[in-house]
Every structure is written in structure tokens, then in C-alpha cells.
Amino acid sequence: MSLPGAVASPPEPRARKLDQPRLRVLPLSCVLCGAQYDPAPSAVCEQCLGPLEPVYSRAAPPTRDLISQREHSLWRYREFLPLAGPPELSRDSGMTPLLESPALAQKLGVARLWLKNDAVSHPSLSFKDRVVAVAINAAHALGLDTVGCASTGNLANAVAAQAVRAGLPAWIFIPHDLEPAKIIATAVYGPHLVRIRGTYDDVNRLCVQAADRFGWGIVNVNLRGYYGEGSKTVAFEIAEQLGWRLPTAVVAPMAGGSLVTKLRKGFTEFLDAGLVAGRVPRLFGAQADGCAPIVHLVHDNSDVIQPVIPNTIARSLAIGSPADGLFAARTMRETGGWAAAVSDQQIVAGIRLLAETSGVFTETAGGVTVAAALDLAESGRLRADDEVVLCITGNGLKTVEAVGDTIRDLPTIAPRLRELAELVEQPALT
Amino acid sequence: MPVTLSLPTILARLTDGRATVEANGTTVGEVVTQVADRYPQLAPRLKDENGGPYPFVGFYLNDQDTRFLGGFDARVNEGDEITVVIAVAGG
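Here the protein sequences come in this chain order: L and S. Note that the working numbering numbers the first sequence so that position 336 is 336, with each residue one more than the last. If you count the second sequence from 1, you need to add 1000 to reach the working numbering.
Be aware that one or more of the hints could be misleading.
[To be verified] Just some of the chain L residues that point at chain S, by a computed CB distance under 8 Å:
id: 1; residue: Arg22
id: 2; residue: Ile67
id: 3; residue: Pro307
id: 4; residue: Ala323
id: 5; residue: Asp385
id: 6; residue: Glu387
[Stated by the list, open to error] Quick look at which bits of chain S chain L covers, simulated, 3 or more residues with Cβ under 8 Å:
id: 7; region: 1020-1030
id: 8; region: 1054-1061
[Unchecked claim] So the derived list for chain S, only partly shown, Cβ under 8 Å to chain L, looks like this:
id: 9; residue: Lys1047
id: 10; residue: Asp1065
id: 11; residue: Arg1067
id: 12; residue: Leu1069
id: 13; residue: Gly1071
id: 14; residue: Val1085
id: 15; residue: Val1088
The hints are simulated quantities; they were obtained by calculation from the structure and are not laboratory data. Ideal placement from N, C-alpha and C gives every residue a C-beta, glycine not left out.
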């Protein structure tokens, strides 16, 4: 055991196939006790078991002009990411559209509303592309020859897609009963894909043990300190795409709770760097009624997570024991935000509302976000003068089962103009 | 009754490198307390100052999260395995 402040030795790197990288990852420090560590595939403090985060040493922050001239990817914010040197893998993720939706703003009764549309993220159609882009470069820099993850679906897609491009074998663990599209959209890349009989929390626990046993780079376990930093790029892009200013409120879905905390960190870093002015937006978190341990923390003003057995169609948010839950709840309270949980019925309605008002097809997690935003607006937590951003984190094609009813009453006719005319001229359609 | 307690590598450093230790007790809490008494450096990473589970580890009894079994009050039987897992967030 190292003394506080001592530098820990990283595990022995496994033999690697790729060329030796030019990039390095940053050192780590404990969020709770401040102990310092050399760069390593480790996310836990040896002293107190608290989470580790990268330590940045920024001389001068980049200017708006410099950032604007860089590549159209999340690496345009490289000074705020935990790598030193040029990224060598997954260079094309990030910079998804920020779409204004006046119709949805009107529905919520807020001044303006935008969608941060990671439903079209490259390469795997969810915001997990961001965190994996950072983690896979960290794995490369640390000399790891195998990557992996515990996933509720989207992360599995992202790791499988980005690992195959990097030439790294991947071990991916998922609950056995995930939506078929998410399983297929992982298996197609040819990783070692293992279905676990249990909930996501069972899968995550097994992955923590696997990282300990096999020395793999499990992106959301022992690479988590680096991985999580990729989520900050959502905040950076929102600020830049709004014209270097901040919204007043952001609504994001919560599974492990990390995204909400990293949004705050990202906005704060841009404020500290002088790239934007004002204050951190009020941050709001959304969960499904069937798995809402973080919402309960906020509503009960509690500091003790009560784990739950998830029971919701929002499988990508079905984490019953979110270890970042306390940090997420604190973030919402301290920024003046709040949390909301919605029913499965509201989730489906949220998916349809987003599609019908904004032309964006999101998965169930996005339905949670939209439905929660409606709830927050109705309860007065989102106000008439608010400029709101909703984080749409995944694509609707991954969870089509949720809205299967939309095709139940579709008309079917013969290829005859007369039948089409009868259909078009029906009183209800004219 | 003897029960096995399995530790992750980061905590096995506090038990002279032993990843598994045996202890006796009728509940998870009794087993953990016996192990904590035997390895004083490990104790604060298993139990908090109030005697409850340390918040940054999870305890699993035969692969089931003990928080759904009564926590430290969960009953154990001879041959059971308690696994200590670092509470790293997934998602």
C-alpha cells in the first residue's frame, strides 16, 4: 500500500500488437482524498477506494478562434481531455448537431429549446462514442492489448465498433435480455460478446472482477477515470454551437449518473478558461420510474443510495446501483436543478413527441429525457424564460420495439389509383 | 461456521497478499468483523466508522448483492462465499 501522495505503480502492461503510441495519458488523483498516481489502468484510489480523475496541467487555454479552426470532432477540445499528444484512434467522433426545436419549446412553455442530437453520433449512434473515443486512446497509450466493457447496450455498440477499427480484441458483457438491435449492433463487429444471466448491476460486478483478474482495459471500470472525461465534450459542443454562450438549463438522462456530473465539469472548465461567460446551467436528471435511485436521492434530500432491481423499458438507463449517484444528486442540487422520473407509458409518448415535433427519432433513454422535461416544465422547475438543451443520447432504431404500436393501424391498399383516392379523400384525412 | 471471504487485488495487499480468507460467523456482518479484527489495516475499507459497510465496496453473498438480503444482517451458512467488490460505477 502506498503512502498518501505517493505514486502507485501501474499493472504490468500486456504485450501489444500496435505500434508504440506517441500519446500519453495524464496522471490521476483521488476525488476524495487527493492521493496522486502515475497514469495507469486504475479507477480506484488505493488509500480510500474513492474514484480517480485525471490531473490536468494547463498552461494557457485555447482560444475560441483556435478551437473553431480545428477538426470537426471532439478532439478540437483536446486540452480538456486526459491525453498528452495527438489522439491516434477514433478521431472522428463528436460534433453532433445541436438542433433548435421551436415546436417542442412551445409544448414545454420555455423560451427556446435545443436538442443535442447524439442519436446520430459517429460511429455507433449514441453518446457513448465520446467516452469510448477517449478510453480507447487511453488503452492504446497504456499499452493494453484488450479492451472491454459492461454495458446496457449503447456502450457495447461503441466499444465493439471502435475496438475493431483499432485492431484490438474486445470482451463485451451485457445482460442476457437486452433489446435485439443492441445485441446485433454489437455482435456484427465480431467481438467476444458474452450475455450474462442477470441485471446490468450483476454484469458490472463481474466486469470489476474481470478487470482485476485479466488486466484488460475495461473502459467503464479500470479506464473509467479517463473514459468519463469524454462526456464533457457534450457541454463543450453545446457552448460552442450556441455561439460561445451557455443555456440556462440542461436535461440529461441518468443511468450511472456520470453524464450529469461531467456536464457540470465541462461547463465549469469553459467558464474558468474564459471561453464563455455567465454561470453553469441548472442541471436536471431524468430516470424511469422503474429504476430511479438517483431521482429518489434528490427528492428525499438523501445521501444514501437505495439500490433497486430495475423494471423499465428504458434498458439503457437500467442501473439499479449507480455508484456516481451521490455525485449526480449533489450536482443537481448545487446547480439549482432537480430530477424527475417517468413511467414507461410516458417514455413511449416522449419518443413520439420528439419525433412528431422535431424530426428526431430517439431510443427509450431519449423518451425518458423528453418526458421528464415535460414533467419538469409542468411542475414549474423549467421556466418560461429558460433556454433549455435536452441531451438526446441514443438512436430510436435501437429500441424500435418501444414504439411498435405506431405501425398497427397503417392502411394497406392495392396498387390502384382508385383505392388511393378513396384513402386520400376520407373525411378524417382531408 | 466457516465462510470464505474473497477480496480484490487492491485489498489483498492489506491481508499479506491473500485474496481469500476464511472466517466464522452466522451473518455477513459477523464474518466481516472477524476478518476486520484479524487485519486491522483492512478494517476501515470493510466497515465505516459506524460499523456499517464501507460505502466504496460492495458485499456479495454467493454472487447476490447483500443490500437485497439484509446487508450485514444477512444470514450465512457453512461453505458460503462472500465476495468484496470495489464499487466502480458502470454505465
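Structure-based check of each hint:
Interface restraint check: Arg22 (chain L) against chain S, minimum CB-CB distance 29 Å, threshold 8 Å, status violated. A cut of 8 Å between beta carbons decides the hint on Ile67 (chain L): the least distance to chain S is about 28 Å, and the hint is violated. Residue-level restraint check for Pro307 (chain L) holds (minimum Cβ-Cβ distance to chain S is 5 Å; threshold 8 Å). The criterion of a C-beta within 8 Å of any C-beta in chain S is met by Ala323 (chain L), whose closest approach is roughly 3 Å, and the hint holds.
The interface hint given for Asp385 (chain L) is broken, as the beta carbon of that residue sits about 33 Å from the closest beta carbon of chain S, more than 8 Å. Evaluation of the Glu387 (chain L) hint against chain S yields a violated restraint, the C-beta minimum of about 28 Å exceeding 8 Å. Only when three residues or more bring their CB closer than 8 Å to a CB of chain L does the claim for the region 1020-1030 of chain S stand; here the count is 0, and the claim is violated. Counting residues of the region 1054-1061 of chain S whose beta carbon lies closer than 8 Å to any beta carbon of chain L gives 5, which reaches the threshold of three, so the coverage claim holds.
Look at Lys1047 (chain S): its Cβ only gets to about 13 Å from chain L, farther than 8 Å, so that hint breaks. Hint on Asp1065 (chain S) holds. Least Cβ distance to chain L is approximately 7 Å, under the 8 Å limit. For Arg1067 (chain S), the interface hint holds, since its Cβ comes within 8 Å of a Cβ in chain L; the closest pair sits about 5 Å apart. A least Cβ separation of about 12 Å between Leu1069 (chain S) and chain L goes past the 8 Å threshold, and the interface hint is therefore violated.
The beta carbon of Gly1071 (chain S) is not positioned within 8 Å of any beta carbon in chain L (closest approach about 11 Å), and the interface hint is therefore violated. This hint holds: Val1085 (chain S) has a C-beta 5 Å from the nearest C-beta of chain L, less than the 8 Å allowed. Evaluation of the Val1088 (chain S) hint against chain L yields a held restraint, the C-beta minimum of about 5 Å falling below 8 Å.
In terms of the numbered hints stated before, the structure departs from hints 1, 2, 5, 6, 7, 9, 12, 13, listed from lowest to highest.
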